[in-house]
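Undergrad: Residue numbers (my numbering), protein chains in the order written: chain A, 1 to 105; chain B, 1 to 105; chain C, 1 to 105; chain D, 1 to 318; chain E, 1 to 318; chain F, 1 to 318.
Since the hints were made in silico from the structure, they are not lab data.
The beta carbon of each residue, even a glycine, is placed where N, CA and C say it ideally should be.
Heads up, some of the hints might be wrong.
Claimed, not checked - Here are a few chain E residues that sit away from chain A, every Cβ distance over 12 Å (derived from the structure):
(1) Asp23
(2) Met56
(3) Ile79
(4) Gly84
(5) Gln88
(6) Ala115
(7) Lys116
(8) Tyr119
(9) Pro134
(10) Gly146
(11) Leu162
(12) Thr163
(13) Val183
(14) Met194
(15) Phe300
(16) Glu308
Claimed, not checked - Result set (BS3-like, lysine-lysine): computed pairs, CA atoms no more than 27 Å apart in a straight line:
(17) C/Lys74 / A/Lys68
(18) C/Lys84 / F/Lys151
(19) F/Lys156 / D/Lys217
(20) B/Lys38 / E/Lys25
(21) C/Lys38 / D/Lys25
(22) D/Lys32 / E/Lys32
(23) F/Lys191 / D/Lys32
(24) F/Lys32 / B/Lys38
(25) C/Lys38 / F/Lys156
(26) F/Lys25 / B/Lys38
(27) D/Lys25 / E/Lys25
(28) E/Lys217 / D/Lys156
(29) B/Lys68 / B/Lys84
(30) B/Lys38 / E/Lys32
(31) F/Lys52 / D/Lys116
(32) A/Lys74 / B/Lys68
(33) D/Lys156 / B/Lys84
(34) F/Lys21 / E/Lys156
(35) B/Lys68 / C/Lys68
(36) B/Lys74 / B/Lys84
(37) D/Lys25 / F/Lys25
(38) F/Lys25 / A/Lys38
(39) C/Lys68 / B/Lys74
(40) D/Lys191 / E/Lys116
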Amino acid sequence: MNNTIAMKRFEIVIGIEQLEQLMDLLERSEVRGYTVIKNASGYGSRGARNPDDVFLTDENVVVILACKNEQAQKVLNELRPAMKGLGGMCLISDCQWVEGPAVSY
Amino acid sequence: MNNTIAMKRFEIVIGIEQLEQLMDLLERSEVRGYTVIKNASGYGSRGARNPDDVFLTDENVVVILACKNEQAQKVLNELRPAMKGLGGMCLISDCQWVEGPAVSY
Amino acid sequence: MNNTIAMKRFEIVIGIEQLEQLMDLLERSEVRGYTVIKNASGYGSRGARNPDDVFLTDENVVVILACKNEQAQKVLNELRPAMKGLGGMCLISDCQWVEGPAVSY
Amino acid sequence: MATIQPVVLFFVFGVLAGVIKSDLKIPEALYKSLSIFLLIAIGFKGGVSMAKYEIMEVLPIAGSMVVLAAMIPLTAYPILRFLGKFTQADAGAISAHYGSVSAVTFAVGVAFLAAKDEYSEGYMVLIMALMEIPALVTGTILARAGAGGQKTQWGKLMHEILTGTSLYLLLMGVVIGYYAGAVNLVSPLDKMFMDLFMGVLAFFLLEMGLLASARLKVVAAKGVFIISFGILFPLLAAFFGAYLGWLFGLSEGGTMLLAVLYASCSYIAAPAAMRIAVPDADPALSLGASLGVTFPFNIFIGVPIYWEMSHWFHSIVV
Amino acid sequence: MATIQPVVLFFVFGVLAGVIKSDLKIPEALYKSLSIFLLIAIGFKGGVSMAKYEIMEVLPIAGSMVVLAAMIPLTAYPILRFLGKFTQADAGAISAHYGSVSAVTFAVGVAFLAAKDEYSEGYMVLIMALMEIPALVTGTILARAGAGGQKTQWGKLMHEILTGTSLYLLLMGVVIGYYAGAVNLVSPLDKMFMDLFMGVLAFFLLEMGLLASARLKVVAAKGVFIISFGILFPLLAAFFGAYLGWLFGLSEGGTMLLAVLYASCSYIAAPAAMRIAVPDADPALSLGASLGVTFPFNIFIGVPIYWEMSHWFHSIVV
Amino acid sequence: MATIQPVVLFFVFGVLAGVIKSDLKIPEALYKSLSIFLLIAIGFKGGVSMAKYEIMEVLPIAGSMVVLAAMIPLTAYPILRFLGKFTQADAGAISAHYGSVSAVTFAVGVAFLAAKDEYSEGYMVLIMALMEIPALVTGTILARAGAGGQKTQWGKLMHEILTGTSLYLLLMGVVIGYYAGAVNLVSPLDKMFMDLFMGVLAFFLLEMGLLASARLKVVAAKGVFIISFGILFPLLAAFFGAYLGWLFGLSEGGTMLLAVLYASCSYIAAPAAMRIAVPDADPALSLGASLGVTFPFNIFIGVPIYWEMSHWFHSIVV
Ligand SMILES: Nc1ncnc2c1ncn2[C@@H]1O[C@H](COP(=O)(O)O)[C@@H](O)[C@H]1O
Ligand SMILES: Nc1ncnc2c1ncn2[C@@H]1O[C@H](COP(=O)(O)O)[C@@H](O)[C@H]1O
Ligand SMILES: Nc1ncnc2c1ncn2[C@@H]1O[C@H](COP(=O)(O)O)[C@@H](O)[C@H]1O
Ligand code: NA
Ligand code: NA
Ligand code: NA
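Sequences and hints are given; from them, build the entire structure.
TA: Below, the structure is given as structure tokens:
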């Protein structure tokens, strides 16, 4: 694809109660852009988690972030130890960033 | 990337009315983790689907799941015939699972 | 993977105020399927954007679309100049479309 | 001539907000909450006043009017199919919408009578609740009879009709209101379900105005026939309803309310049911006609006309 | 015998909607809004009537009854642990739920007295607000004492208990009501917080019915012991409460309300606190018993029985 | 001295909940619903009492006071720009906020007068609705005049100002209230829009307290000047408003309300408009001052002071 930059895409799922902690961590890793989708439910090692249950609310959030390959290892190094406490999951994949919008990676 | 495991990432979009059916199917395929994002809208072979319309509600859900390559074919075999009835879409891509959080794949 | 078609997956994040414009653009590019997740928040070149703030609402949307490799370049050509005005981000990655549901790509 | 009620001005301002593209938005949760309130309150009020009748006296009259409501889709269908050239599916689905009822139109009719201090039979609300059933079933048969294709999901449809939110809340309101009336414990609940009725209706009409203005645009694109139908058919149905009300010996108020029920058409229960029963019908068509044309026509022009109709029937005999 | 109050029929229809799988849904925002309203209103009403007492006279009685409420989990625990064979964590968590209270059950008790025109002490609501504290603390100690594993997060727990929504809104209502009563400015606020109370309770009970029917299914799968416990333990606790109320010289109405408080159990504050304090307990168990069994039992059967209990205590002495 | 109204205690408890980090949260849909209610209700009430005036008599006075409101941003701007050293964009945007009004502050003023049984002119609400326009336009000109950079989107801004939710709902309330008053059909709607006004205001102030406590933290970090401005400027503006009210021969209550309007500042309409018109201004600054400082100052300390101001003006002449 023309006019694209090879990058890494992180996809992180954690409980909303840990979102602030993750955002601090991302700031420390000098990440300059990320997207957060709230109100996610899911299933994992801690069983079902569901934000719709009136009494037993457990909300997951999905955080997506794209960064340059060079930065990816740095982010990963910060993230990996933290993820132990955060639970959830973190996936990394390859992607192409389409040039055009203001640089935020 | 260090400390990561090569995996497959499934991304499934279906109508919310079929979510329960899909979750049963995933359980049968012994999937041990997935994430669900509700309240999605979209466009496809059945036209526009939108959860915000007061009178003609159609809600899509996005289901994301990561599993080991070995298991992926098994999940796919279960999923493929079912998708015919479910509509929507199912994408598979490669990804790296970052080790750290409790194993839920 | 059997019974799958190699495709491109676009993942676009923009402000909700630009969603209509993007949907028009996709229609012009003859895209036959996409999924929209609203109510996303995030951080980028314009700082934090958050739909939950009562007074200073900024809502992001995530648009996911899968299309054949042939069509991808065409979509990209339409999208790239527009993204400048739209802000946000656009990622492209490889994926496999699982055959089964009605064709909507 | 009757003065326009202040409450319907909320509808006008809703439409206007749509027209001038105001960023006014009613939160979806509020809209849903208000509609739950209105359905319970309409049922409750009817139930309380039904407690004054012998229930066994009422049932045969109410039952007849419910069954006769099947005449509405049976009349609408040939007009739509042969004059309007709609597909069988669309003609059947639209018929089902017009056979079915709108609780909010009914509420506007009740408010009209209240402003005039006119009596009406409390069990009209029971008729309203039950009219859905023959209308939706008849409409589905019309849409499906002889047509091949997908089999009609009758089981799913009947479950939807019988457990649908509107019918359930209305009947619940009737039962609780009836019981409260019978044991003389209406009092603390009426502060909510009766005193606030008009205020809630005002909010609801504001939202309805916003929604109707969006729908009207869609249906306007579908041509002049469907708009004419949306205005003329209710007049016909109302006339039939007023005739029946007079025939069965209802009061003038009750006769007018029956005309309103026969004239009004559904935009909540019917769309949901028709998507299950007649998925090949175009919902934008029936909803556009119902909400974009007939609903505003009824609350502004229809209701006063139906009152005159009722008056006219009652005057010829005496 | 007491007639059933119309308001509890809303609960019945909520359960029924769940049973027949109606698509009736109360928007989450409405549910949360109503619960905020109810807590403030219950507090406000109590506060207004507390303005008539010397606050210093009231505190020792109220304080004693709050402290004595710790007896409830202390009694429940051995029953659950040794008769019911539950794990220490589950037995402790369930005890905390039963020691804690349900504001809605209390409201149904208040409505019961209102329908009978019976007086009760306004400061009962203060007891209700404060009873959470000893119950949740005792339950946590029972669940954790001697158990190894993760350390109890006492700091986080106490913050949750003391700043939790229920306690906060109740106390806020009490303070504002007390102040409004004292400066004689109850008037425009009462139109909301008093007049609409029963109507809001009706909506809330409808939702509670929907939720309870879902929970009952879950707990039914857990066996007969927990269901029996959910019915018999409240009777025991109520008897203790009625005895204390009589001992401390409360009115018949106040005695009955204390019985209701002792019998009722929590499904909002306690689940939230126990997840922090005893994360290894199964929340489906305690919530199922509390909401699926004890709550319906209390509002239908318990409340009239507790009234008789109070009556009985008050009749033996005089 | 005036007693503090119970309703403003809800604000205190909102702030307190923020301070002690309670998990209390008002659902967003409730917040939005209440604000829709309040705007309509404020307009409605004003409209009903305007029905008693000759509309043509009122317009010139109201019009003058609206136009003169442009003086507020014109005074605020140089203070902010030259004393406060703010950027042109920020100084202009903040000026626009302070020229604009807060309907909730106005409502607290109305409640204050109601508790005192003091008369005020109904058309004050019309002044409130229209004051937004000169304030936002003047503020934008100040922020933009002579500045290069992006062109001001005047078309988009005027659409936002003229169709914005606050203005629209207020005017709608005025029109419907006026009509209802004129045709003598206020009655069933007043149960909602008048009787419940104070109760809804209570809920709203609770949420405002939660929001203000968050905003105050942000603005506190911006230094002492903006906080002083947020307290002193309203006093100045109120004095000017009270002077004008007295000059135009308003009642003591009306004079006080004009002072309140001139002193109050916007946190809904102005932020939305300024993002379009002056995107390079920092919204945290203007919103923090408006909501975190001036709003609480006005409802607790300002309102009684403005009453004294009005009283003082009216006493010197007679
Ligand atoms: N590197 C990135 N990774 C993920 N999301 C991003 C990234 N950059 C921008 N975004 C998203 O795009 C939105 C708009 O970006 P911007 O126009 O740069 O402020 C942000 O609020 C994020 O949700
Ligand atoms: N294999 C997986 N695929 C997708 N999502 C997962 C997976 N494992 C965990 N999650 C998500 O992460 C959340 C927390 O996981 P856990 O901490 O393992 O309970 C779950 O509720 C899911 O939403
Ligand atoms: N090519 C595609 N890319 C992304 N999402 C799609 C695509 N095709 C279908 N979808 C999603 O799947 C939903 C159902 O598709 P369909 O059953 O084809 O109407 C749509 O509303 C979209 O949300
Ligand atoms: Na009809
Ligand atoms: Na208890
Ligand atoms: Na001002």
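Undergrad: Now, for every hint given, state plainly whether the structure supports it.
TA: Now for the hints, and whether the structure bears them out:
no. : hint                : result
1   : Asp23               : 15 Å, holds
2   : Met56               : 38 Å, holds
3   : Ile79               : 24 Å, holds
4   : Gly84               : 22 Å, holds
5   : Gln88               : 21 Å, holds
6   : Ala115              : 29 Å, holds
7   : Lys116              : 32 Å, holds
8   : Tyr119              : 34 Å, holds
9   : Pro134              : 22 Å, holds
10  : Gly146              : 26 Å, holds
11  : Leu162              : 19 Å, holds
12  : Thr163              : 16 Å, holds
13  : Val183              : 37 Å, holds
14  : Met194              : 26 Å, holds
15  : Phe300              : 21 Å, holds
16  : Glu308              : 31 Å, holds
17  : C/Lys74 / A/Lys68   : 25 Å, holds
18  : C/Lys84 / F/Lys151  : 18 Å, holds
19  : F/Lys156 / D/Lys217 : 23 Å, holds
20  : B/Lys38 / E/Lys25   : 17 Å, holds
21  : C/Lys38 / D/Lys25   : 17 Å, holds
22  : D/Lys32 / E/Lys32   : 14 Å, holds
23  : F/Lys191 / D/Lys32  : 21 Å, holds
24  : F/Lys32 / B/Lys38   : 23 Å, holds
25  : C/Lys38 / F/Lys156  : 24 Å, holds
26  : F/Lys25 / B/Lys38   : 22 Å, holds
27  : D/Lys25 / E/Lys25   : 22 Å, holds
28  : E/Lys217 / D/Lys156 : 23 Å, holds
29  : B/Lys68 / B/Lys84   : 24 Å, holds
30  : B/Lys38 / E/Lys32   : 20 Å, holds
31  : F/Lys52 / D/Lys116  : 24 Å, holds
32  : A/Lys74 / B/Lys68   : 25 Å, holds
33  : D/Lys156 / B/Lys84  : 21 Å, holds
34  : F/Lys21 / E/Lys156  : 12 Å, holds
35  : B/Lys68 / C/Lys68   : 26 Å, holds
36  : B/Lys74 / B/Lys84   : 17 Å, holds
37  : D/Lys25 / F/Lys25   : 22 Å, holds
38  : F/Lys25 / A/Lys38   : 17 Å, holds
39  : C/Lys68 / B/Lys74   : 25 Å, holds
40  : D/Lys191 / E/Lys116 : 19 Å, holds
The earlier numbered hints are all upheld by this structure, with none contradicted.
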